[in-house]
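**Q** On the provided structure of chain A, position chain B as indicated by the hints.
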Amino acid sequence: MQVIDVFLNTLKELTLNSGFCNVSVQQALMLLISFVLMYLAIVRKYEPLLLLPIAFGMMLTNIPGANMYHPEFFIGDEAIANGVDYGQVLHDGGLLDIIYLGVKLQIFPPLIFLGIGCMTDFGPLIANPKSLLLGAAAQAGIFVTFLGACLLSFTGIEEVTFTFKEAASIGIIGGADGPTAIFLTTELAPQLLGSIAVAAYSYMALVPIIQPPIMMALTTKKERAVVMGQLRPVTKREKIVFPIAVTLIVAFVVPDATPLVGMLMLGNLFRESGVVDRLVKTASNELMNIITIMLGTVVGATATAENFLSVKTLLIIALGLIAFSIGTAGGVLFGKVMYKFSGGKINPLIGSAGVSAVPMAARVSQIVGSKENPSNFLLMHAMGPNVAGVIGSAVAAGVLLNIFG
Amino acid sequence: MDNLLQVMAIITEETASQNMAGMWATVITGLVVVFLILALLIFLLSIISWVSRLGEKKEKKNEPEVKAAPAPTPAAPVIEEAVIEEEEDDAEIIAVISAAIAAYSAQDGNNYVVKRIKRSEKQPRSSWGNAGVQENTRPF
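Protein sequences appear in the order of chains A and B. The numbering of the first sequence is numbering that gives the first Met the number 0, which starts it at 0 and goes up by one. The numbering of the second sequence is numbering that gives the first Met the number 0, which starts it at 0 and goes up by one.
One chain only, chain B, in its complex shape:
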């Protein structure tokens, strides 16, 4: 340890070719200290969160993971609208979805055919929800 300190003490105005040990000592010390301190902070944060949540007895519900189910429509390219689909024969909803897809296809130039509409098993975040998140995170 003393040896290392001596190495460290004399290196300030030198170059690496004059003091190889100093160079390696700096790299190793630097990396180790940075990791140690941040690891220490992790430990500290765990304590803080443990202590601060000790008082609150509320169980936090783990919300289900947000996953957008892949659109199951057989229509050529996969599109977002297909996620909110309905199994029963609901003419109004079908009309709305078809209209949305028609508007979308007019924009991107492809033709889509609605062959089957099915409600997806997993409940993904709605398109409105997605739009909201996008809106809120845009400044970043």
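With the rest of the complex left out, here is chain A:
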């Protein structure tokens, strides 16, 4: 008899502790959202390398009782008042809490930048330094969106009111640069990390859909058909000096941008120096993949039901789209200015590539340009503003960090 009692009791306990009895409506909804994101990643191939781990992390974190991630360790009242208690994280934390430390301590995004630096050819930028201006103009999206998010506070409704720190983190979506967005948001508004990362990566995948209508609307047929002259060849010496010089200049002026720009340029120096092929291979493949897995999964894990299911997430998604659109428009409009000043030698379409999203945005410039003139190759010209956009958004993040951090 006793055996049966124990058996029944255990069964009862097991049932009561199982996810099925404890799942809340919000958590169930979050699980559904994670399935949708997985669908987008697997079937539609929207940035699958990041969206898939993000979606799965989102699923893991919303399984009741699994205790994979504890948002209260990082954004609870106590953590905000006294700083994060790292001892507690290591002692009581779940797997994802421990991995999240790599995001919290700002380790992962700069390491991703190291890999990006190894894969980026800054040659087109060195050959045509003026394209840096296009990379700067496209950052307008960040600041205009910041403005938009700020202005919402005048409605007086608490659900749609963003603090400056939150507004800055939302604006950075317009930089179209995942690691930069994660870097800044972790520091300024960690409670929004999940929403901002999902918005940033989704829109980056949608660049080929978002950008062309804006580019077509803002340019004339004649401007789009401009064929640009061939870029001058860049010497190896220039390519080697470039990363060192950029790091020094940016780090001296905006020290807060140093982790991102410094690692980006270290990776690039590895690449261009030609003497550390093994390091280049590791940084751009294995290391980058390992970090991507961890970064994606934990960023998804920060999207717990209580953080993600709010009016703010919807607003972030709307504002993110505005940020991308204004960034694109800013780049194209500045491209038009340069078209005028160069006497019609610069095709304004390359301006839209200023919103980082390497190399997708440059490819969009190429495709839109080739529609007007099939033998026009804008790709290499667009790579200039494109990689300039990476530097530009890192600098913008540094400025915002400096003001609000």
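Quick caveat, the hints were computed from the structure, so don't treat them as lab data. Given the structure is predicted, the values throughout are model-derived calculations rather than measurements. Here a beta-carbon is modelled for each residue, glycine too, at the ideal position from N, C-alpha and C. Please note that the accuracy of each hint is not assured.
Unchecked claim - To spell it out: a stretch of chain A is covered by chain B in this simulated footprint if at least three of its residues, at any positions, have a beta carbon under 8 Å from a beta carbon of chain B; those stretches are: (1) 138 to 152; (2) 158 to 166; (3) 386 to 399.
Unchecked claim - Dumping the calculated DSS-like pairs for lysine-lysine here, alpha-carbon to alpha-carbon at most 30 Å: (4) A/Lys335 to A/Lys221; (5) A/Lys220 to B/Lys117; (6) A/Lys339 to B/Lys114; (7) A/Lys370 to A/Lys335; (8) A/Lys221 to B/Lys117.
**A** Same frame as chain A, but now just chain B:
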């Protein structure tokens, strides 16, 4: 300047409705600093390229712009093959071009008539060259 710094110092946890000046200050500072730094980098890049090319005395030839001349064939829709045309009466070349066009028209369903074949004035990048560029830039 001090005033601005004070404005900047107090805005972190606030919202814009509490501090309008902070909001505008951020936008203006942000845009100006980003532009300034990237402008500084342009200046720097110009110096780097000037210095690094100082040693090399090789004059770089400016290659002519790559332009595909529009096909001058009177045959209905314009097609790429018409670019590599020949003025003199060269039966073999005409046969090859006609065959290429015939193969092409079988694909897109239109009928083309070759009435005149002329070498284009400007030397565009050859079709093979174009294919090569396309092949190499496909990963992007």
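**Q** Could you run down the list of hints and mark each one as holding or not?
**A** Verification of the supplied hints:
1. Interface restraint, the stretch 138 to 152 of chain A with chain B: holds (10 residues with C-beta to C-beta distance below 8 Å; minimum three).
2. Here's how the stretch 158 to 166 of chain A fares: 6 of its residues keep a CB closer than 8 Å to some CB of chain B, so the rule of at least three is met and the hint holds.
3. With 7 residues carrying a beta carbon less than 8 Å from a beta carbon of chain B, the stretch 386 to 399 of chain A meets the three-residue requirement, and the given coverage holds.
4. Taking the CA atoms of A/Lys335 and A/Lys221, the gap is near 11 Å; set against the 30 Å cutoff, the hint holds.
5. For a cut-off of 30 Å, the pair hint linking A/Lys220 to B/Lys117 stands: about 29 Å separates their Cα positions.
6. Our distance criterion of 30 Å between C-alpha atoms is broken by A/Lys339 and B/Lys114, whose separation comes to about 41 Å.
7. For the given pair, A/Lys370 sits about 19 Å from A/Lys335 by alpha-carbon distance, which is consistent with the 30 Å threshold.
8. Proposed proximity of A/Lys221 and B/Lys117 is supported: the alpha carbons are some 27 Å apart, at most 30 Å.
The structure does not agree with numbered hint 6 stated previously, though it agrees with all others.
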